[in-house]
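The lines below spell out each chain.
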Amino acid sequence: MAEVVIPIGPQHPALKEPVNFRVIADGEKIIRLELNLSYTHRGIEKGAESRDFIRVLPLLERVCGICSHSHATAFAKGIEEIMQVKIPPRAQYIRTIIAELERMHSHLLWLGVAAHEIGFNTLFMWTWRDREAVQDTLEEMSGNRVHYNMNEVGGVRCDLSPSQVQTALARLPLLEERIHKYVAMLEEEETMLLRFRGIGNMTRHEALAYGAVGPTARASGVACDARHEDPYLVYAEVPWEVVTDTNGDVYGRTCVRIGELRESAKIVRYCLEHLPEGDIRVPAPKAAPTGEILSRYEAPRGELVHFIRTNGTDKAERLDIRTPTLANWTSVAMCLTGQNLADIPVIVAAIDPCLSCTSRITVLDNNDNTSGMITFDELRKRSRARWQEQERS
Amino acid sequence: MIDPVLLLIYVFVFPGFLFLFVYALTCEFLDRRIAARMQHRVGPPFFQPFADVVKMMGKEVIDPDGVDRRIFDAAPVLALAAVMTSFLYIPVVGASPLAFQGDLVLVLYLLAIPTILLFVLGWLSRNIFSAVGGVRAVTQMFIYEVPFFLALLMPALAAGTWSISAIVVWQQHNWWCMFLQPIGFVVALICLQAKLERTPFDIPEAETEIVAGPWTELTGRRLALMHLARDVSLVCGSALIAALFLGGPMVPWTISPAWLGGIVGFILFLVKTLVVLLILSSIKVATGRIRIDQLNAIGWKYITSAALVQVAIVLVANFWWVSA
Amino acid sequence: MTSPLTRDVVMETMKEFGIVEQVRANRFRITTTPDRLRDAVKTVQESLACERLVTISTADTRQMFELHYHFTGQHRTIVTVTIELPRETPELPTMSDMLLPAGIYERQIHDLFGIVFSGHPGLKKILLNEDWPDNEHPLRKDWKPDEKTFYGGTKQEGR
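Chains as they are written, first to last, in our numbering: chain U, 1 to 393; chain S, 1001 to 1324; chain W, 2001 to 2159.
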């Protein structure tokens, strides 16, 4: 077959979120890739400039459903550093517990999605069943399965009762046993090995040159982990290890993520067992002094960077978010050339793309200063009301 | 010749088309239920496949711009007709009344027709996903059809006859071919899985890569008939393997009276086809999909070589048997 | 080097390019001019062992646009190279030939701020939808959405 353009997206069964790849292929081999990310752009960076620090945290949580806590924590810890507010140890531990639980649920979700991409639906069903244990824990702790809203500038919103801690600890052994089983499966299951090995290769040098982050880079031997490079929360106290692999292909990335699942379970167990007593928040000033900070956080997909600039008011002057998926797109585009069409879903899924993180846009602006959640229906009502007003005048 | 009325009943009611539809949809239910239980899910209730077919028949038929409507209408009907006809030659309660020397070859050819029609549909869909899927379907056919034919023709070679019913009778007096030709049995099962385009060989219909492949533009009653054709070919394939390797609807001793023999034979037929179905379902659940170039490598390197080894063994055994 | 960079080392290497400040225990900022940017980045990569680009951040201070290039390496210290661009003519030669990931960041910055990166292989829209009018850059401080303009999406009936 001659050179053909195969559109993958914006609607495609392989994609969990809309993105437009135009794949230019020759038969089954890919020549080139073009990318368009505008479909989930919602204007969050601009929106963050008009909300004070209490109201901006729920907005930032909604950058992404799976890594919601990452965005809120990165921003909160950045603002706390500018304000020079030190949050109590119990709050640090609770934030860490939620962060690692989020990492576990995200990696289990990813494992299921990767299995689904290669048609291995059994593993998809099993991992999502195990993920329910993590989701139940998160729901008990925070009240919600996603968008936990645990953070406030100055601490966390709600406390963990001893019974919640016990229930969470009781769920961990089952999860650890299942993770063990997935490790074994990864080493032995023939079809997974056939589809994952040798696909999407990236050497260490390439990973550094393309700016890859997170498990994508760690699978190529680059030991970059924001929890290790720039320790925040309690990662300097808890015993844990950075998981790397030397394979550099999709198989390596799978191994890294399963390894991180194990490490996260260890960290959660440690934090739950050593949860210190005390307050969960300190009063923080309303306005932040003028300053600038680069807040780095290790989200499940990689290194998340919030560049925050404040100007003495209670709103951020500029919030610049660089999500890990944005950093990984270059590596996907480079890895895909020369591969088979059938491997596109696998390679794209291997960076664990979170497109809601990648595109963040704006335009729901109006001149009155109401804040809070605006649903789509409310938007339409407002714009209709404005139109009618204009027609009358 | 037998009574024409009985022949009509055989063809249309039992064990002909009506029984075939009911049994095919029951097999689909069992397949989905077994897969669901293995995946720790509940699975559909018994009437789900029947409801699916009825629902699909009532849905709107959408013609993409510029496609040839007549071929799109005709192809699913042809596919279904081909597999239904092939079932008539497979022994269900004793020998098939339509059997003749060479009906094995006829059945194999009829079972190949749906795949070719799928390619035609994919090519004519004016849709890049369907075209890629159609090309993959015929590529896959090219890979598995050789070992499949070889494996299925070995019982014929051993029995010295080209009629399925006669092979079944031969197995009544000798051992089942599963024990005589185990390699052939395994090869036949693997190739049947590839023929039915089930995981790990569901490459033409890879949902996450090419939407639904050649099935993308099938809607309404076209989709219902093609879906039914796929279910019927599952039954035909299982019944064929049960007949050729597992001895079909016969026990190794004769039962009298004849009507009791018929009932026992029918029950055996059900049991044996369900055993084959169980094996195929387990393979489907336990694996992921492989790529077409990997199937190419595995197919030619291992599966065809195994089939050729089996051919060599059967030829040598025959020669030794005859000369002894 | 895997031990954190010290102030003296960074000052020594980068003092020819501009002002060097240590804004945090593990972060240094060097303010330089746009025409010296390429040399500064090259020096950071070679002499300060910074292996990867973390991100390119932007800010609009109402008088100027600021661009911050953040680098890091095995020494776990971040080195930021900052430049300022005038608002009327925000132009800069692209860095995507030297730093591959800069390609995607520059496309995003172009969409949101309107900074033109000359020599970029494909400065098409990446973040804003295809119906977005061409000269409106939403993250500039002086941008307000105009009710009459169509920014993409669905049109309401009666409009």
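Treat the hints as calculated values from the structure; they're not laboratory data.
You may find that some hints are simply not true.
Simulated restraints, written as ranges between beta carbons of each label pair [said to hold, decoys possible]:
no., chain 1, residue 1, chain 2, residue 2, range
1, S, V1054, U, G338, 45 to 55 Å
2, S, D1068, U, E187, 32 to 42 Å
3, W, E2136, U, N311, 23 to 33 Å
4, S, V1067, U, E3, 18 to 28 Å
5, S, W1320, U, T203, 50 to 60 Å
Below 27 Å or equal to it, Euclidean Cα-Cα: the simulated DSS-like pairs (lysine-lysine) are [what the hints assert, rightly or not]:
no., chain 1, residue 1, chain 2, residue 2
6, U, K286, U, K266
7, W, K2148, U, K286
8, U, K29, W, K2124
9, U, K315, W, K2144
10, U, K181, U, K266
11, W, K2124, W, K2155
12, W, K2124, U, K16
13, U, K86, U, K315
14, W, K2141, W, K2125
15, U, K286, U, K315
16, W, K2124, W, K2141
17, W, K2125, W, K2144
18, W, K2148, W, K2124
19, U, K29, S, K1059
20, U, K266, U, K86
21, W, K2144, W, K2124
22, U, K16, W, K2141
23, U, K86, U, K286
24, W, K2015, W, K2042
25, W, K2125, W, K2155
26, W, K2141, U, K315
By construction, the Cβ of each residue, glycine as well, lies at the ideal position given by its N, Cα and C atoms.
| request: Find the hints from earlier in the document that the structure breaks and name them by number, from lowest to highest. | output: Structure breaks hints 2, 6, 7, 19 and 22.
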